[in-house]
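Just so it is clear: in the sequence shown, position 268 is 268 by UniProt numbering, and no numbers are missing.
Do not rely on the hints blindly, as some may be mistaken.
To be verified - Pairs of lysine-lysine, DSSO-like flavour, derived with a Cα cap of 30 Å:
hint	residue 1	residue 2
1	K286	K270
2	K286	K325
3	K262	K409
4	K369	K286
5	K293	K472
None of these hints come from the bench; they were simulated from the model.
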Amino acid sequence: MSATRHRALGGGVNHVLDYLRRMQAENPSFFYAIQGDNDHTGGSIFWADATSRMNYAYFGDTVIFDTTYRTNRYRVPFASFTGLNHHGQPVLFGCALILNDSEASLAWLFQTWLHAMSDRRPISITTDPDRLIQMAVTQVLPETRLRFNRWSIFKETQEKVAHIYQSQPTFEIEFKKCVNETETINEFESSWVSLRERYFVMDNEWLQSMYNARQQWVPAYMRDTFFGDFSITERNIGLNSFFEGFVNASTTIQMLIKQYEKAVASWHEKELKSDYDTINTSPVLKTPSPMEKQAANLYTRRIFMKFQEELHKAHTVNFTSFEMKANCSCQMFEHSGIICRHILAVFRAKNVLTLPSQYVLKRWTRNAKIGDMQDEHAAELPNNSRESLTDRSNTLRQEAIKYVEEGAKSIHIYNVAMDALQEALKKVSSAKNQSPVSAEDGALSNGRNQELHAAGDTETVACQSADEKEKKIRELTTELESINRRCEVYRANLLAVLRDMEEQKLKLSVKVQNARLNLRE
């Protein structure tokens with residue numbers, strides 16, 4: 001980060017830190033971490049609220065790391081981790097201030113973000129084409145498929161070969177067509193050779209460097225990996241869609257938190273509206289097909305529209321009737337999670353009247369946030385769940401949030417939920433008294449001035465003497481008391497949320513009743 005930009009941040013960093021501390025005091029599920037020295041000037045800052053962490057549990061199969069605001073054109077070195085919810089809308093997984101723009105700092109950021117997300121690695125991640133980011137991703141997420149944002153590459157290419165764009169006006173169109181419209185690797189390779197020869201750019205170093213990196217940004221090489229794109233060419237946009245319109249070049253660090261909260265609230269409202277539209281409106285079916293009716297009842301409204309409008313050209317579909325499995329050369333399902341028209345045509349021809357379950361990704365359905373959070377790709381993802389105190393705490397926290405959402409839907413359900421909660425607390429207390437407690441290394445600690453790591457393995461100590469046994473008992477007793485205090489905090493927060501939601505419901509009921517009385521008058 002430049003000295004001028006560092007001075008421009010001034011005391012704004014402390015303003016952000018005060019906000020993070022306040023949010024964590026209000027909700028222990030709010031996570032933040034600081035890298036570097038005690039004056040907070042030498043390292044980066046990361047945070048993720050409880051909703052972001054829960055959203056990742058549902059939709060963390062593909063991630064976008066946006067560093068648009070990291071460039072000197074902007075006043076705040078702001079970055080975000082986002083994804084796509086069940087409506088295909090941007091959803092937030094965490095934010096950062098990158099105060100130290102180095103490979104080590106970026107590696108710390110990815111490690112900290114991953115730790116906050118219970119060490120559950122995504123299938124794929126999309127970033128700007130940046131060497132430092134690439135090295136950090138390779139180090140922290142070696143099994144995750146890295147993709148460079150195509151829009152950024154097109155924009156940079158326009159700057160790097162401006163002389164070609166000016167002297168050959170059709171080059172840009174042909175270049176983008178070569179990248180976006182070739183469906184197989186062989187098609188792309190052939191088109192690329194033809195493009196270079198036709199415009200006499202065989203020796204251009206920039207184009208050669210882009211060709212060398214083709215496996216990380218050309219769609220033909222990405223079709224076998226899930227990125228959540230509805231169309232291979234659709235995501236030809238910038239990465240900053242979540243904060244677009246809220247954070248810009250004039251946003252100061254003092255303004256950042258307010259704009260951050262506005263963006264979060266705005267997208268939450270849009271998700272609620274899309275949920276409402278999905279539940280309360282019925283799409284127009286274009287055919288009498290039972291499969292189309294099934295899809296209309298399964299998918300969210302926007303995803304169903306994508307399913308319904310899928311166009312096609314000639315492709316090869318392999319179909320195994322015994323297993324009800326089909327794969328298409330277009331690889332749309334592998335890439336987007338939505339079945340293509342070509343396979344649907346084969347299903348109709350083979351009298352397959354409903355969608356086989358393996359072709360309905362839960363993350364795109366109206367029930368995406370109901371039930372088990374582990375998605376269809378869970379088997380592909382390394383997961384150390386339940387191996388440490390941190391993982392167990394995160395899992396319980398996520399389940400508790402779901403419990404609150406379901407438990408506050410009516411007075412009757414609220415009463416049932418409260419009774420069940422009291423009974424569950426009795427069982428937990430009984431289990432704690434009957435079962436030995438394991439001491440664990442490195443329990444999760446938010447807001448520390450060092451790099452955070454996942455909790456270690458269960459500590460096994462061979463007690464050689466009575467003194468050592470007594471010491472071990474004291475350690476376990478202290479740990480048990482700490483866990484009890486933490487449980488009481490989570491319980492108090494849960495009850496407070498339930499009461500608040502019930503109060504809001506009653507207030508809304510009063511407003512509705514008053515509105516009805518006014519209409520009668």
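30 Å limit on alpha-carbon distance, applied to hinted pair K369 and K286: It holds: about 28 Å lies between the C-alpha atoms, which stays within 30 Å.
Restraint status (C-alpha distance of K293 to K472 at most 30 Å): Violated - the C-alpha atoms of K472 and K293 are around 62 Å apart, more than 30 Å.
Hinted pair K286 and K270, Cα distance within 30 Å: holds, 27 Å
Agreement of K286 and K325 with the hint, judged by alpha carbon distance not exceeding 30 Å: holds, 25 Å
30 Å Cα cutoff - pair K262, K409: Holds. K262 to K409 sits at ~26 Å (cutoff 30 Å).
When held up to the earlier numbered hints, the structure conflicts with hint 5 and nothing else.
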